[in-house]
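Here's the letter readout for the chains.
Number of protein chains: 2
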Amino acid sequence: MKEKEQFMRRAIELSIQNIKEGGGPFGAVIVKDGTIISEGVNRVTANHDPTAHAEVNAIREACRKLDTFSLEGCEIYSSCEPCPMCLSAIYWAHLDKVYYAGAKEDAKAAGFDDAHIYEQLSLPASKRDCPSEELLGEEALKAFNVWKASNEKVNY
Amino acid sequence: MKEKEQFMRRAIELSIQNIKEGGGPFGAVIVKDGTIISEGVNRVTANHDPTAHAEVNAIREACRKLDTFSLEGCEIYSSCEPCPMCLSAIYWAHLDKVYYAGAKEDAKAAGFDDAHIYEQLSLPASKRDCPSEELLGEEALKAFNVWKASNEKVNY
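Protein chains in written order, with the working numbering: chain A, 63 to 218; chain B, 63 to 218.
Just to be clear, a hint being listed does not mean it is correct.
Heads up, the list lumps identical chains together, so a pair's fine if it works in one copy or across two of them.
Claimed, not checked - Straight-line C-alpha distance at most 25 Å; calculated PhoX-like pairs for lysine-lysine:
1. K66 with K94
2. K170 with K189
3. K170 with K215
4. K210 with K166
5. K159 with K189
6. K204 with K82
7. K204 with K166
8. K189 with K82
9. K210 with K170
10. K215 with K82
11. K170 with K204
12. K166 with K189
13. K159 with K127
14. K159 with K66
15. K64 with K204
16. K66 with K204
17. K127 with K66
18. K166 with K127
19. K215 with K204
20. K82 with K94
21. K159 with K64
22. K64 with K94
23. K127 with K189
24. K204 with K127
I should point out that these hints are in silico values taken from the structure, not numbers from a laboratory.
Go ahead and model the full structure; you've got the sequences and the hints to work with.
Here's what the structure looks like:
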């Protein structure tokens with residue numbers, strides 16, 4: 063447990079340091095075999111990238127370092143409960159486990175309303191705030207047919 | 063409608079071209095005031111980045127071009143219904159509307175099971191496949207307190 067707390071303290075330390083460097087109050091580290099292999103902080107406004115959350119940045123960096131698109135065998139320590147974008151990225155990256163410190167209620171009180179997006183995702187598309195519309199569905203099937211017939215496809 | 067179909071045909075064209083270039087069968091374009099300002103394709107396995115979906119790449123590129131972290135006033139055309147990571151990114155980026163061609167059922171039949179992640183997100187954390195554990199919650203509050211007291215914070 064002491065080792066886990068050290069990893070989390072590093073994620074929290076990153077989150078505080080990042081505020082001083084013009085970023086949001088979030089940090090994350092990814093650990094494999096007891097060693098930190100990547101660190102990430104929230105650079106949304108600083109880098110003009112709405113996807114630059116701490117967890118996403120840590121995942122990108124870990125994949126660069128390990129030269130892979132799968133982080134099986136790794137765990138992520140985040141200074142706050144992941145938002146739905148980050149949690150989905152954690153699934154796509156096949157991370158083994160999430161440790162988090164701050165609760166999403168704390169994030170909300172600080173102005174980050176992840177809960178709203180969680181609610182939106184659980185609604186049918188027709189009931190979401192952001193409207194969506196199907197267009198040329200039949201034409202899109204061609205891409206999947208080319209994909210299924212391709213010998214070079216890599217599944218993930 | 064004809065203009066909208068042109069944008070979607072471009073997204074579909076990108077998705078097919080991308081398969082030949084070693085990527086996944088997904089493409090997206092972002093449009094502002096009737097002009098395409100960015101394009102994205104799925105480079106997950108090609109670039110070793112699990113977050114490099116077509117929509118995420120198009121969002122990052124649009125923000126770089128417009129030098130902003132908010133895409134209010136823009137619409138995204140995706141060759142397939144966005145996965146929960148991409149839909150969350152669309153919310154964080156404040157896009158006005160989503161047009162999609164392929165349905166998530168088509169994506170599933172081609173081996174991309176976004177529906178599983180949608181289901182996981184709607185479950186309480188304790189019931190998800192990817193386990194999560196709270197650790198040092200009290201210590202994390204410090205970051206939010208520093209944030210709330212900061213004069214330099216930029217909300218998004």
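Structure-based check of all given hints:
1. K66 with K94: within (12 Å within a copy, 46 Å between copies)
2. K170 with K189: both (23 Å within a copy, 23 Å between copies)
3. K170 with K215: So K170 and K215 pass the 25 Å test across copies only (15 Å; inside, 41 Å).
4. K210 with K166: between (40 Å within a copy, 15 Å between copies)
5. K159 with K189: between (32 Å within a copy, 13 Å between copies)
6. K204 with K82: between (49 Å within a copy, 13 Å between copies)
7. K204 with K166: between (41 Å within a copy, 14 Å between copies)
8. K189 with K82: Neither: 39 Å inside a chain and 37 Å across chains, both beyond 25 Å.
9. K210 with K170: between (43 Å within a copy, 12 Å between copies)
10. K215 with K82: Result: close only across copies, 9 Å inter versus 44 Å intra.
11. K170 with K204: The answer is between: 15 Å across copies meets 25 Å, while 43 Å in one copy does not.
12. K166 with K189: Classified as both: same-chain Cα gap 24 Å, cross-chain 17 Å, threshold 25 Å.
13. K159 with K127: within (19 Å within a copy, 36 Å between copies)
14. K159 with K66: within (12 Å within a copy, 42 Å between copies)
15. K64 with K204: Between copies only: 20 Å across, 53 Å inside.
16. K66 with K204: between (48 Å within a copy, 19 Å between copies)
17. K127 with K66: within (22 Å within a copy, 40 Å between copies)
18. K166 with K127: Result: close neither inside a copy nor across copies, 29 Å intra and 32 Å inter.
19. K215 with K204: within (15 Å within a copy, 46 Å between copies)
20. K82 with K94: neither (28 Å within a copy, 34 Å between copies)
21. K159 with K64: within (17 Å within a copy, 47 Å between copies)
22. K64 with K94: within (16 Å within a copy, 51 Å between copies)
23. K127 with K189: Neither way: K127 and K189 sit 41 Å apart in one copy and 31 Å across, limit 25 Å.
24. K204 with K127: This pair counts as neither: shortest intra-copy Cα distance 35 Å, inter-copy 30 Å.
This entry does not satisfy hints 8, 18, 20, 23, 24, going by the numbered hints stated previously.
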